[in-house]
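Model the full structure from these sequences, guided by the hints.
Read off the chains here:
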Amino acid sequence: MHIVACVKQTPKSDNVKIDPATGCLIRSGTESAMNPFDEFALEEAVTLKEQVGGKVSVITMGPPQAEAVLRDSIARGADEVFQLGDRAFAGSDTWSTSYALSKGIEKINSLSHVDLIICGKQTNDSDTGHIGPQISAWLNIPNAAFVKKVVRVNEKSMVVERLTEDGSEVVELTYPCVLSVVKEINKPRVRSVKGRLLAKRAPVTVWTADDVAADKTMLGINNCPTRVVKSFVPKREVNATVVEGANGKEKAAKLVELLKENKYI
Amino acid sequence: MDYAINEMEQEVLNTTRELAQKKLKPLRAEMDAKETFSKEMYEEYRKSGMFGLWLPEEYGGLGGGITCLAMAFEELSRACAGLALTPGTSALGAIPMFLAATKEQREKWCPDLASGKKLWAFALTEPEAGSDATALKTTALKDGDFYVVNGTKHFISTGKEADFYTVAVNTNPARGPRGISLLVIEKGTPGFSFGKKEEKMGIRSNPTYELIFENVRVPKENLLGSEGRGLLYLQETLDYSRPGVAAQAVGIAQGALDTTIPYLRTRKQFGQPIITFQALGHKVAELAAKTEAGRAMVYNLTHRMDTEFLPAVKNALANGTPVHDELKKLKGERWTKYSAEAKLFCSNVAMEVADECVTLCGGIAYMRDFPLEKYMRDAKITQIYEGTTHIQKNEILTALIKEYAAKGDEE
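So the protein lines, in turn, are chains A and B.
Counting in my numbering, the first sequence runs from 1 upward without gaps.
Counting in my numbering, the second sequence runs from 1 upward without gaps.
Any given hint could be a false lead.
As the list claims (entries may be wrong) - Keeping only pairs whose Cα atoms sit at most 30 Å apart, straight-line, the calculated DSS-like set for lysine-lysine is:
hint	chain 1	residue 1	chain 2	residue 2
1	B	K25	A	K49
2	B	K118	A	K187
3	B	K314	A	K187
4	B	K39	B	K142
5	A	K200	B	K314
6	A	K230	A	K107
7	B	K118	A	K149
8	B	K39	A	K187
9	A	K148	A	K107
10	A	K149	A	K183
11	B	K197	B	K39
12	A	K187	B	K34
Unchecked claim - Covered, in the sense of this in silico footprint (three residues per stretch, anywhere, with C-beta under 8 Å from a C-beta of chain A), are these stretches of chain B:
hint	segment
13	2-14
14	38-50
To be verified - To give an idea of the chain A side of the interface with chain B (calculated C-beta under 7 Å), a few residues:
hint	residue
15	R189
16	V190
17	S192
18	V193
19	K194
20	R196
21	L198
It is worth saying that the hints were derived from the structure and are not from the lab.
All values derive from a computational prediction rather than experimental measurement.
No residue lacks a Cβ here, since even glycine has one placed at the ideal position from N, Cα and C.
In structure tokens, the structure reads:
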């Protein structure tokens with residue numbers, strides 16, 4: 001089975017600082033790491049490979065420094081890694097990103113047939129959860145989101161259990177298909193010594209938009225349909241009045257006065 | 001101080017430290033209390049490659065040496081000396097095999113050993129043969145293509161969980177100690193059963209069992225090396241494995257300090273952090289210095305050992321010969337004295353450090369909720385297994401007498 005895991009480099013979530021003035025994430029100087037949800041995606045891919053054989057390819061879209069997350073993927077058990085690295089991709093929204101990734105996956109598929117694509121359910125920096133389902137839409141193949149368990153791997157299909165708002169459901173998907181997984185699906189392993197050593201020397205294939213035959217009019221900040229008008233943390237307004245008093249009786253009397261004053265009663 | 005001298009050793013440290021933080025620490029108290037083997041941790045070790053650190057890449061190992069093994073054992077024991085024994089005892093059980101095995105035996109057993117698919121254990125001790133290994137009574141008498149094994153081993157670490165047991169037997173009781181041989185006996189062989197499970201003071205998450213052999217028919221292909229040379233292989237094994245116990249002891253001492261120092265810095269009595277009382281602070285400094293001395297002793301030795309072990313392994317693979325034979329060709333050092341010195345010193349340091357740390361922290365450290373009393377219970381075993389402290393002194397003394405006798409009486 002050839003499995004492609006999609007990963008993203010995001011700010012390390014255990015040490016994210018917020019600018020108190022603007023309420024925004026401070027990205028400069030923060031350490032980057034693999035999006036935590038993608039760790040579960042990659043672990044599941046590697047576990048499935050160990051169970052049924054095959055190989056795991058990993059793809060990411062990102063700037064040159066995103067190579068680190070691909071090397072980390074090798075340490076975690078991936079066999080081959082691919083980076084979509086081109087200025088044309090910069091600033092893409094989820095629509096453009098999933099389009100680019102789907103083109104990258106098509107290219108991987110042309111090198112070696114892909115059976116399964118696994119994504120984390122969302123990223124820790126933009127939280128949309130769009131990418132997995134959107135990739136399946138671009139590729140026109142089945143998708144299951146919020147997968148918490150792979151129940152069975154058959155020859156032509158797989159059975160998974162996915163979380164729903166009010167419980168879970170078991171669905172069967174034919175290959176090739178896309179899963180996006182939740183953290184309940186596994187416990188990611190500690191990177192092996194051998195993996196860590198391999199990671200430093202493994203080749204990283206970098207592809208431009210042209211390499212994956214992506215339509216540049218669908219990529220990048222100027223071509224994607226989403227417009228970020230403003231990014232802000234909603235202001236939480238608290239208009240509470242604390243009623244002081246020596247005892248409950250006195251406080252209750254004051255509260256009644258206050259309610260009358262404001263014509264609530 | 002880190003003693004990693006190459007990238008591989010540094011990554012062994014990085015990996016085992018991450019394993020300790022993420023996997024061992026959340027599990028250790030529960031497994032200690034329950035006194036049960038952790039299959040979950042076994043699986044984690046397997047995935048992170050802890051069983052093949054010292055084995056050649058040709059068999060799926062990392063290609064590291066005795067240093068990699070000792071470093072892993074130190075760092076894992078720093079978090080939990082009991083759970084650390086899953087890869088630790090598998091290496092101990094497999095070292096005699098790896099040293100004495102033929103090319104065919106190595107090819108048969110090493111891949112599953114390196115991947116961790118199969119666990120190994122070491123079975124020497126018997127009810128009446130502890131420090132005196134020559135007194136062992138388990139017999140293995142030849143019957144056609146088989147040895148018929150009868151006897152009992154006890155206090156066997158990772159008992160019942162391990163798949164293969166390297167068992168010291170006597171194949172020629174008439175010759176006494178010169179009849180001692182090593183056999184690999186697989187779990188599930190008819191007549192091989194497990195007796196009492198011991199309840200222990202420390203290293204409780206590693207199961208200790210009695211092994212019972214009743215007319216167990218073991219194929220002669222499972223003999224390691226040649227008949228009657230068991231004691232030689234055992235000594236060679238202990239020379240390589242005792243630095244491992246010493247490393248474990250250093251890990252226990254470091255782990256106890258890791259728990260103690262932050263507590264002493266934050267605990268206030270008489271209006272000040274108690275580490276600022278010089279009587280306590282100076283004690284901590286002494287314990288830290290002794291721990292560092294132990295660590296220096298271990299890695300000085302293992303790095304020297306690797307300068308022979310690694311070439312011998314390489315030659316054994318190239319020539320299709322046993323590692324033991326290649327070691328002999330290299331005419332290297334006898335490590336017995338240095339190994340015994342490291343184990344003697346480090347295990348005493350571990351016990352002293354753990355004991356003093358409990359005293360320094362006081363009442364809280366006596367409670368099971370505080371992760372310190374376990375270090376004191378775990379430290380004790382390092383003074384006992386793979387030869388007690390007294391046996392280490394015997395080894396050192398014997399070596400010294402030989403050394404000085406060879407030099408003659410000149411000053």
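These are the hints, each one checked on the structure:
1. K25/B <-> K49/A: Holds, at about 29 Å.
2. K118/B <-> K187/A: 22 Å, holds
3. K314/B <-> K187/A: Between K314/B and K187/A the Cα gap is close to 37 Å, so the pair fails against 30 Å, i.e. violated.
4. K39/B <-> K142/B: Cα-Cα ~37 Å, so violated.
5. K200/A <-> K314/B: Given pair K200/A, K314/B holds - Cα atoms ~25 Å apart, limit 30 Å.
6. K230/A <-> K107/A: 36 Å, violated
7. K118/B <-> K149/A: Holds - the C-alpha atoms of K149/A and K118/B are around 27 Å apart, at most 30 Å.
8. K39/B <-> K187/A: 14 Å, holds
9. K148/A <-> K107/A: 28 Å, holds
10. K149/A <-> K183/A: Judged against 30 Å, a Cα distance of about 10 Å means the pair holds.
11. K197/B <-> K39/B: 17 Å, holds
12. K187/A <-> K34/B: The given pair, whose Cα atoms are some 23 Å apart, holds under the 30 Å limit.
13. 2-14: holds (count 5)
14. 38-50: Per the Cβ count (4), the hint holds.
15. R189: 4 Å, holds
16. V190: 5 Å, holds
17. S192: 4 Å, holds
18. V193: 5 Å, holds
19. K194: OK, holds: K194/A within 7 Å of chain B, min 5 Å.
20. R196: 4 Å, holds
21. L198: 10 Å, violated
Violated hints, listed in ascending order, are 3, 4, 6, 21; each of the other numbered hints is respected by the structure.
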